[in-house]
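Enquirer: Single-letter residue listing:
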Amino acid sequence: GAVVSQHPSWVICKSGTSVKIECRSLDFQATTMFWYRQFPKQSLMLMATSNEGSKATYEQGVEKDKFLINHASLTLSTLTVTSAHPEDSSFYICSARDPWRGLAGELFFGEGSRLTVL
Amino acid sequence: AQRVTQPEKLLSVFKGAPVELKCNYSYSGSPELFWYVQYSRQRLQLLLRHISRESIKGFTADLNKGETSFHLKKPFAQEEDSAMYYCAPRRAGGFKTIFGAGTRLFVKA
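Top to bottom, those sequences are chains A and B. So the first sequence is numbered by the numbering used here: it starts at 6 and just counts up by one. So the second sequence is numbered by the numbering used here: it starts at 3 and just counts up by one.
Next comes chain A alone, as it looks inside the complex (with noise of 0.2 angstroms):
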């Protein structure tokens, strides 16, 4: 199948830093992506949609301007969750679709990215 993988896999900062994590289409090219939040012990929650080329797509109640989203291009798209709080710990997940695989839309998912902020 498609691979998407993530970097940092696990990352630490200091409250009120910014952190950047990456979410990378290895085999394929992906036009949109899709970022996640998933609590301890709790289901996804979508966060954003992300469009190559264009502004992400917010869901209700999460801050554009807290989580930045960058899809700049067809295999890279990046999250900053900036000036973070302890409450931004959480489990982040990147997932994309290949628009060539078929018509089913299946997600390919990246393995997470766990940020804690002290």
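If you are wondering where the hints come from, they were derived from the structure by calculation, not from laboratory data. The C-beta atom is built at its ideal place from N, Cα and C for all residues, glycine as well. Errors might be hidden in some of the hints.
Covered by chain A, per the in silico footprint, the following chain B stretches (three or more residues, Cβ under 8 angstroms) [stated by the list, open to error]:
(1) 15–27
(2) 46–55
Listed below are the simulated BS3-like cross-link pairs for lysine-lysine, each with C-alpha atoms no more than 27 angstroms apart in a straight line [what the hints assert, rightly or not]:
(3) B:Lys110 with B:Lys11
(4) B:Lys110 with B:Lys24
(5) A:Lys46 with B:Lys75
(6) A:Lys46 with B:Lys11
(7) B:Lys67 with B:Lys11
(8) B:Lys17 with A:Lys46
(9) A:Lys71 with B:Lys75
Start from chain A and add chain B according to the hints.
Expert: Just chain B now, kept in the frame of chain A:
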């Protein structure tokens, strides 16, 4: 409003027993339904999708539009089926996928 409900947080069965993981959805239009699975220490991956009408690893799921359900079933559970299972609807022709709360399946020896 778009909503997907997986009523069971945890389902524990013995090896060889039948298993059914429930999923009900409330979605405008005719959504496409998926089941994703996450095994221990692995990333989330697709298990099956309703439009394919396929059986993957012995699992099947039938979309019941009348009951707005998409329950996942397997007649004989195996220990390696132990994982977290998520029901995930998507608007037909759209891209955005939402996820249910998930059901943790534990298959005992």
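Enquirer: Does Lys110 of chain B pair with Lys24 of chain B here, judged by a C-alpha cut-off of 27 angstroms?
Expert: With Cα atoms ~19 angstroms apart, Lys110 of chain B and Lys24 of chain B stay inside 27 angstroms; holds.
Enquirer: So if I understand the rule, the pair passes when the alpha-carbon distance is 27 angstroms or less; does Lys46 of chain A with Lys11 of chain B pass?
Expert: holds (10 angstroms)
Enquirer: For the pair we were handed, Lys17 of chain B and Lys46 of chain A, check the Cα-Cα distance against 27 angstroms.
Expert: holds (25 angstroms)
Enquirer: Taking only the CA atoms, is the gap from Lys71 of chain A to Lys75 of chain B under or equal to 27 angstroms?
Expert: With Cα atoms ~41 angstroms apart, Lys71 of chain A and Lys75 of chain B exceed 27 angstroms; violated.
Enquirer: Does Lys11 of chain B sit within 27 angstroms of Lys110 of chain B, going by the straight-line distance between their CA atoms?
Expert: Roughly 17 angstroms between the alpha carbons, so the hint for Lys110 of chain B and Lys11 of chain B holds.
Enquirer: Closer than 8 angstroms Cβ to Cβ for three or more residues is the test here. Does the region 46–55 of chain B pass it with chain A?
Expert: Coverage by chain A holds for the region 46–55 of chain B (6 residues, Cβ < 8 angstroms).
Enquirer: Please work out if Lys46 of chain A and Lys75 of chain B have their alpha carbons no farther apart than 27 angstroms.
Expert: Judged against 27 angstroms, a Cα distance of about 23 angstroms means the pair holds.
Enquirer: Taking 8 angstroms as the C-beta cutoff, is the stated coverage of the region 15–27 of chain B by chain A satisfied by three or more residues?
Expert: The restraint on the region 15–27 of chain B is violated, since only 0 of its residues have a Cβ under 8 angstroms from chain A and three are required.
Enquirer: Within a Cα-Cα threshold of 27 angstroms, do Lys67 of chain B and Lys11 of chain B meet the stated pairing?
Expert: holds (23 angstroms)
Against the hints set out earlier in the document, violations occur for numbers 1 and 9.
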